[in-house]
Amino acid sequence: NAGVTQTPKFQVLKTGQSMTLQCAQDMNHEYMSWYRQDPGMGLRLIHYSVGAGITDQGEVPNGYNVSRSTTEDFPLRLLSAAPSQTSVYFCASYPGQGNGYTFGSGTRLTVV
Amino acid sequence: AQKITQTQPGMFVQEKEAVTLDCTYDTSDQSYGLFWYKQPSSGEMIFLIYQGSYDEQNATEGRYSLNFQKARKSANLVISASQLGDSAMYFCAMRPYGGATNKLIFGTGTLLAVQP
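Quick mapping for you: the protein sequence lines, in order, are chains G and A.
If you use the working numbering, the first sequence corresponds to residues 244 to 355, in order.
If you use the working numbering, the second sequence corresponds to residues 666 to 781, in order.
Among the clues, some could well be false.
[As the list claims (entries may be wrong)] Label pairs and their computed distance ranges (CB to CB):
(1) A:707 to G:343: 17 to 23 Å
(2) A:682 to G:246: 29 to 35 Å
(3) G:340 to A:725: 43 to 49 Å
These are calculated hints, taken from the structure and not from any lab test.
Values in this document were obtained by computation on a predicted structure and should not be read as measured data.
Every residue gets a Cβ at the ideal spot worked out from N, C-alpha and C, and that includes glycine.
Whole structure, please, built from the sequences with the hints as guidance.
In structure tokens form, the structure reads like this:
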């Protein structure tokens with residue numbers, strides 16, 4: 244089982260550039276989410292999805308877009324990167340019951 | 666407000682000793698779940714242990730146990746017989762069961778260093 248796969252693992256962007264962080268899961272989980280991790284602040288929820296075609300904002304959504312066209316994929320888009328978006332990004336999936344959250348290995352993004 | 670508080674930014678423990686990592690939470694939901702995750706220097710998030718708010722017994726998973734005190738809203742992680750490989754960042758998290766977000770709320774973490 245691959246679980247949750249995030250790509251890329253590392254990325255450097257210039258201010259104003261756009262990019263998409265990819266997240267794919269093969270467990271048929273309905274719920275997927277994106278978190279960012281910053282020093283001293285734990286993980287904070289950016290966007291989440293409760294199923295294909297349904298997304299909503301989390302705690303820190305500004306500067307990020309998401310879509311969920313399939314159960315498997317939940318990409319995170321940065322339309323115009325800013326240095327404040329330098330962070331480690333985690334994608335997670337959840338089947339909707341129990342305690343089985345599965346996290347991807349993370350993407351370390353630096354915006355210069 | 667729903668919040669997780671971890672008041673210990675860093676902890677030291679001698680190898681083979683037990684250590685307790687503190688976690689308190691705040692929620693108005695009657696039903697919720699509490700989680701502990703380990704994040705080693707490699708960066709991945711590793712699930713350690715789960716406690717449901719209606720579970721009457723404290724959760725245990727091998728060397729990990731969760732000291733759940735509902736009235737005090739605390740969910741401390743106890744690691745027995747520490748090993749060098751336990752050196753990592755540890756996060757406490759809560760999932761309120763009210764609403765449909767299924768989101769996890771994380772604390773700021775405790776960095777544990779196990780000394781030989």
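Hint-by-hint comparison with the structure:
1. Range check, residue 707 (chain A) to residue 343 (chain G): Cβ separation about 21 Å, and the 17 to 23 Å hint holds.
2. Take residue 682 (chain A) and residue 246 (chain G): their Cβ atoms lie about 33 Å apart, and the range 29 to 35 Å holds.
3. The given range of 43 to 49 Å is broken by residue 340 (chain G) and residue 725 (chain A), whose C-beta atoms sit roughly 22 Å from each other.
In terms of the numbered hints stated before, the structure departs from hint 3 and from no other.
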